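Asker: Given the structure of chain A, go ahead and fit chain B onto it with the hints provided.
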Amino acid sequence: MIPIVAVGFVVVMTLVLGTTGLRYARTTSNFFVASRTVHPVWNAFAVCGEAMSAASYLGVPALIFVFGFEMLWPLVGWTIGFLLLSLFIAAPIRRFGSYTIPEFIEGRLDSPRLRQVVAIMVIVVSWFFFLAQLKGAGVVTRALLGTPYWVGVLAVGALVAMNLSAGGMRGITFVQGFQFFFIFLGILIPFAVMSTVWFRGDLDPIITNSAPVFLDETAVDYPNDVSIDLPNATKVDIDGSVGDQSGLVELSSGTHEVVGGSTITWPAGASAPHASTIGALTGTEWAQPLGDKGVGGGHPLYFSFAIVLANMFGLMGLPHIVVRFYTNPTGREARRTNLIVLALIAPYYAMLPLFGAASRVLSPGLLGAGTTDSATVSVGERLVDGTGGELITAVVSAGAAAAFLSTSSGLLIAMAGAVSHDLMSAGVRQFRVAVWLVAAASVLVALAVETTDINVLIGWSTSIAASSIAPLLVLGIWWTRLTSNGALAAIVVGGGASTAAVLSTMLGLVDSGWPLAILGTPAVWSVPLAFAIGIVVSLRDRETVSDLGYKFALMHVPDRFEPQP
Amino acid sequence: MTRRTSKRRFGVSKSDVSSEPSVLEVLTSLNELALAVRSGFDQRSAELIAKAATTALDAQAVGVTSDTELLASIGIDPNDWGSAVREQTSAVVDRRRVERPTVYQLSTGTGEAEVAAAPILSEGAVIGTIHVMADIGGSRLAELTQFSQLVSSQLQLAELEQSRAYAAEAELKALRAQVSPHFLHNSLTAIAGLVNTNPGMARDLIATFAEFLRASFRTQTDLTTVAEELRLVEAYLELEQARFGSRFNVSLNIAPESLPVRLPFLSVQPLVENAIRHGLESRAGSGVLKIVAENAGPEITISVADDGVGIDPVQLERALSGGDSASHVGILAVDTRLRSTFGDEYGLTIETGRNAGTEVTIRLPKYHPG
Chain A
185 MIPIVAVGFV
195 VVMTLVLGTT
205 GLRYARTTSN
215 FFVASRTVHP
225 VWNAFAVCGE
235 AMSAASYLGV
245 PALIFVFGFE
255 MLWPLVGWTI
265 GFLLLSLFIA
275 APIRRFGSYT
285 IPEFIEGRLD
295 SPRLRQVVAI
305 MVIVVSWFFF
315 LAQLKGAGVV
325 TRALLGTPYW
335 VGVLAVGALV
345 AMNLSAGGMR
355 GITFVQGFQF
365 FFIFLGILIP
375 FAVMSTVWFR
385 GDLDPIITNS
395 APVFLDETAV
405 DYPNDVSIDL
415 PNATKVDIDG
425 SVGDQSGLVE
435 LSSGTHEVVG
445 GSTITWPAGA
455 SAPHASTIGA
465 LTGTEWAQPL
475 GDKGVGGGHP
485 LYFSFAIVLA
495 NMFGLMGLPH
505 IVVRFYTNPT
515 GREARRTNLI
525 VLALIAPYYA
535 MLPLFGAASR
545 VLSPGLLGAG
555 TTDSATVSVG
565 ERLVDGTGGE
575 LITAVVSAGA
585 AAAFLSTSSG
595 LLIAMAGAVS
605 HDLMSAGVRQ
615 FRVAVWLVAA
625 ASVLVALAVE
635 TTDINVLIGW
645 STSIAASSIA
655 PLLVLGIWWT
665 RLTSNGALAA
675 IVVGGGASTA
685 AVLSTMLGLV
695 DSGWPLAILG
705 TPAVWSVPLA
715 FAIGIVVSLR
725 DRETVSDLGY
735 KFALMHVPDR
745 FEPQP
Chain B
3 MTRRTSKRRF
13 GVSKSDVSSE
23 PSVLEVLTSL
33 NELALAVRSG
43 FDQRSAELIA
53 KAATTALDAQ
63 AVGVTSDTEL
73 LASIGIDPND
83 WGSAVREQTS
93 AVVDRRRVER
103 PTVYQLSTGT
113 GEAEVAAAPI
123 LSEGAVIGTI
133 HVMADIGGSR
143 LAELTQFSQL
153 VSSQLQLAEL
163 EQSRAYAAEA
173 ELKALRAQVS
183 PHFLHNSLTA
193 IAGLVNTNPG
203 MARDLIATFA
213 EFLRASFRTQ
223 TDLTTVAEEL
233 RLVEAYLELE
243 QARFGSRFNV
253 SLNIAPESLP
263 VRLPFLSVQP
273 LVENAIRHGL
283 ESRAGSGVLK
293 IVAENAGPEI
303 TISVADDGVG
313 IDPVQLERAL
323 SGGDSASHVG
333 ILAVDTRLRS
343 TFGDEYGLTI
353 ETGRNAGTEV
363 TIRLPKYHPG
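First to last, the sequence lines map onto chains A and B. Add 184 to a position in the first sequence, counting from 1, and you land on the number used in the numbering used here. Add 2 to a position in the second sequence, counting from 1, and you land on the number used in the numbering used here.
Derived from the structure by calculation, the hints contain no laboratory data. Quantities reported herein were computed from a predicted structural model and do not represent experimental measurements. Please note that the accuracy of each hint is not assured.
Claimed, not checked - Estimated spans, in silico, between C-beta atoms of each pair:
| hint | chain 1 | residue 1 | chain 2 | residue 2 | range |
| --- | --- | --- | --- | --- | --- |
| 1 | B | Ala-286 | A | Val-196 | 39 to 47 Å |
| 2 | A | Val-196 | B | Thr-199 | 48 to 56 Å |
| 3 | A | Ala-624 | B | Glu-27 | 44 to 52 Å |
| 4 | B | Glu-353 | A | Met-608 | 19 to 27 Å |
| 5 | A | Met-608 | B | Arg-40 | 23 to 31 Å |
| 6 | A | Leu-369 | B | Gly-195 | 50 to 58 Å |
| 7 | A | Met-608 | B | Ile-129 | 39 to 47 Å |
| 8 | B | Arg-40 | A | Leu-723 | 29 to 37 Å |
| 9 | A | Ala-342 | B | Glu-27 | 56 to 64 Å |
| 10 | A | Ala-624 | B | His-187 | 53 to 61 Å |
| 11 | B | Arg-40 | A | Leu-369 | 55 to 63 Å |
| 12 | B | Ala-93 | A | Met-608 | 51 to 59 Å |
| 13 | B | Ala-286 | A | Leu-631 | 56 to 64 Å |
What the hints assert, rightly or not - If you want the ones that stay clear, here's a sample from chain B, every Cβ over 10 Å from chain A, calculated:
| hint | residue |
| --- | --- |
| 14 | Asn-33 |
| 15 | Glu-89 |
| 16 | Gln-151 |
| 17 | Ala-160 |
| 18 | Asn-200 |
C-beta: ideal position from N, C-alpha, C; glycine also.
Bound-form chain B, shown alone:
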């Protein structure tokens, strides 16, 4: 039986050649379907599912429904489906676990026709159905089952992508939360220490502190400009320096061409924090923190360097591969977010060695669509 079908499908039988869709047509429509379904299950993707089902299953008519109503119809007028489609849809939805498609008779203006209905599943729940009007028989029902499973698995993929985006967002939130505890405590202690001796400076620092918090709690968009990010770094550094005093100096060299470039929010500040926390803080004597933003044609590079104690490359490797997650989470998160925003070639590079200081460099494209 299978052999007969495959023969028909590939158009070997001469009598059928004209009406059979070619392999290319089937693959093309399946590909379109896969792409469309990626954006979720809606009116538009329902139409493409119907179109692909018509081609792939060689059907006279196809209807695609959500769990309650008809979304798309090809081959016959949407009204011709009548109330039967709704009844059959709820029947499929109620059955939940469906092994084989349901077959029912549909009376249209031109007469009776056989229709098979199969579910579209998402995370175990029926979110829609496909109704196919065709000569039911042979392997047709098995084909329909396969087709509906294909649609379901594509939807699953779409959800996976969605949840990956959520995960990245959660990561950003976690990163924000992670900046705070150390930093909030340190800043407040530093300010507290100044309240009596230097009230003016304490007041300024509280203002800066408030500004830093406001900037880091913003939720509108994930992307900011280098200029904005540097403002955040400035506030951060002022607070750190209040605590450290003259333990380190800052040297800046910022190409003005880099200022309007967009980058994920909180991409530079964690690098600066890392340089202070893991480089300069443990260093004897005063050190230098260097922030350089350079113009490089269609891209820019931003590097944050310190002449502190450096990081043991082996230990760093372990931290970055997730083994020792406690110490360099900030850098790791920046790396992840740069890659997920601009693509894998935009990861960060780290140059370091024991007692050799650390330099972290990120690359950013001047323009990124979307």
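Only chain A is shown next, with the shape it has when bound in the complex:
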């Protein structure tokens, strides 16, 4: 009950603050306060609210839970990404004055056609990211209310769209700032409790030489059909059916088909079954970096580089993050904001892995149920009994809700803006229609990705962003010779190749070895490819960009000098 109230509170706060806004003054003497620009610290809160998404909150602990230390790389990549954003993107793009990435590209390269191409890439990138948020919404709602997956997806999709079309962007900087606190506390409080419990030695060590076992008698829900590998014959109580068995039976070792909707009660001390798609790992295997765990087609070194590259460049090219710097009055403030973001987000990223690690001891049942994405929200009830556990679940769930609500809003704004503003150059009414259209299309597809891990979706999104938008931003800001043809070639070849690679794994055309490594995580080759194509085509292009000196002065000259054209 308490978790539901907490999530409800976050939702209501989001709606109320978003619709009313906060800056309000009754007399002229408050005028100054009401029209003061947002302080970089609060702006940083808002950026964090936007950047801390279901991908990190739910996705990363799930990955670490299943695959181990290898999956620390996405966090490293994102942190580097924020640093690169501070160093190379935030200040110049703010000084340039553009709001969206397509606008920047059009302004920088004088090409309205390119703006449309970039807008399409913005939609593709944001769309995969949005699917991941909706997936997170479905998972959290299911873990909290026991509703089917589609309820959460539909509810959150509709909620966010309704909020935005009813004017919920009015106070978005405030809303996202508040959401940041929920997200951060949602991780900090359980982290503190978990650390205390482990330091006092009340729980088993995480890294042992055996595969995960159930500590107590545990009832595990299996929402979907899943085939599980059971290492030892185990006496269980099945509410539902496994193959044609049900009730109190002894399941033999080997593979079993669990029918969706079943609940199986596992005895204390039993080895936890794994879903057949997941390899069972002992603690030591799990804790070994670059181990052979079947990750990335069994080429862990390649995979590690690919993940870091995709995430660091991908983060630089995420449209909903880049637009946030617009709220800063100057380039210098944009850079300060981003440095504060780095200081806030690094500890957040550092706390997340413990959730994945602890889940191996606390909730190994999820490994067999195909619901590892709910690892973060399951920690509380497993860690502490009774009201204490419920309180922890409440803060974690509220944080999760804040995480996917804020990011979903940002992504939906980015996509609807790209459709109505960049593709159609229409106004506010069309923007609202676009919000609903994009939300509807995303919800429909999100219903179909129930069994796809959140971070697989995020991985695709960042790979595509890293190979299309990021090279364009870096070259556009730092290289005078970039031409619109070069940029077009880079985005078409880089974005096209990475999208094709992603689709080929999405459709299951490759499933193992080098082909999976190369196509599943394409950033190692697709990012340099995009840069190379952009540079070569620009150098061979005789076309020039107008007012180049002015544009570069605008981006790079310190704010106190105002360059004139």
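Answerer: Using the frame of chain A, we list chain B on its own:
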């Protein structure tokens, strides 16, 4: 004769096919020319005129001059034009009204050639000439005349655009001037009334007044940010409230996302002034002035609303179409300048009715190139 030419021009005659420019080429070069000339007559547009003349008139060589010197040459070396071109240019310039192009002989390194020269006119004056080296004969001179007139009319268009920009600028200046008389008088009277009773407040108001004047006299750029514009509104309101006392309250709701957005200078203040002058001033009892700036994705909206007497829609319509220009000039000017800055879709909207208050809303894009 005309028929023969058109035959040649469209490449029907087989013998000429290879050397004749296609219709597409001619149209393309004329289009480039039209665009280039829009920015005025200079070195760059002279080059494009020469290029277009070469294609369109099928000439061996073309030279384009200003009223004194050669700006561009295609087909032969610029030096080959020699002093003849200058003499012929000044001859054309002196003749002022030119019916037909002048024809003269030019001796180049390879021999004698026939050249026709036609003027480029701007507002009746010759500002340049086009010299075409080709087989003069038949309709060629008429073609050259047409071509030079085309160039001239494009230049005329460019000037028209320029003067439209000047007009907008003048309008801005007029708007500034128009803010002042009422307002200057009212403010000063209000301050004068306070000098004895409340000298401290009078001093503060004079400071505010000075700041308002400084802000409204700025000339650097036409664009400002919403934050700056609101500061101007603040100063304005303080002065108005000194006069009105508590006759109206102000309610503000400003989304911080809107503050860095750029807009034409003096876009909000006239709306506020309009709300006070035509809405709240005539109202019985105290009213409320509401200023709201909202974030709407790639755009923002700013609305200024009052619960005053409202405006009769019919009368407003007449005022906005220019019939009754005295009363709502401020709003009209804001509308014009928003449209000319951001495009026609960014005009302002007014919701009003008799005794129903007035709400004026403007939309602004967060980014506008240029």
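Asker: Are the hints correct? Go through all of them and say.
Answerer: Against the structure, the hints come out as follows:
The hinted range of 39 to 47 Å is satisfied by Ala-286 (chain B) and Val-196 (chain A), whose Cβ atoms lie roughly 40 Å apart. One distance hint, 48 to 56 Å for the beta-carbon pair Val-196 (chain A) and Thr-199 (chain B), holds here, with the actual separation near 50 Å. Checking the proposed 44 to 52 Å range against Ala-624 (chain A) and Glu-27 (chain B) shows it holds: the Cβ atoms sit about 49 Å from each other. Between Glu-353 (chain B) and Met-608 (chain A) the beta carbon distance is about 26 Å. The supplied range of 19 to 27 Å therefore holds.
Look at Met-608 (chain A) against Arg-40 (chain B): about 28 Å separates their beta carbons, and that is inside 23 to 31 Å. At roughly 56 Å, the beta-carbon separation of Leu-369 (chain A) and Gly-195 (chain B) lies within the given 50 to 58 Å, and the hint holds. Restraint check, Met-608 (chain A) to Ile-129 (chain B): a C-beta distance of roughly 43 Å satisfies the suggested window 39 to 47 Å. Look at Arg-40 (chain B) against Leu-723 (chain A): about 31 Å separates their beta carbons, and that is inside 29 to 37 Å.
A hinted range of 56 to 64 Å for the beta carbons of Ala-342 (chain A) and Glu-27 (chain B) is consistent with their spacing of about 57 Å. Ala-624 (chain A) and His-187 (chain B) have their C-beta atoms about 58 Å apart, which keeps the hinted 53 to 61 Å range intact. A hinted range of 55 to 63 Å for the beta carbons of Arg-40 (chain B) and Leu-369 (chain A) is consistent with their spacing of about 60 Å. Under the hint 51 to 59 Å, the C-beta atoms of Ala-93 (chain B) and Met-608 (chain A), about 56 Å apart, fit the expected range.
Between Ala-286 (chain B) and Leu-631 (chain A) the beta carbon distance is about 59 Å. The supplied range of 56 to 64 Å therefore holds. Asn-33 (chain B), annotated as away from the interface, keeps every beta carbon of chain A farther than 10 Å; the closest lies near 18 Å. Separation of Glu-89 (chain B) from chain A is adequate, the least Cβ-Cβ distance of about 38 Å exceeding the 10 Å criterion. Chain A leaves Gln-151 (chain B) outside its interface by the beta-carbon criterion, the shortest separation being 30 Å against a cut-off of 10 Å.
With a least CB separation of 18 Å from chain A, Ala-160 (chain B) remains clear of the 10 Å interface cut-off, as annotated. The Cβ of Asn-200 (chain B) lies farther than 10 Å from every Cβ of chain A, with a closest approach of about 16 Å, so its non-interface assignment holds.
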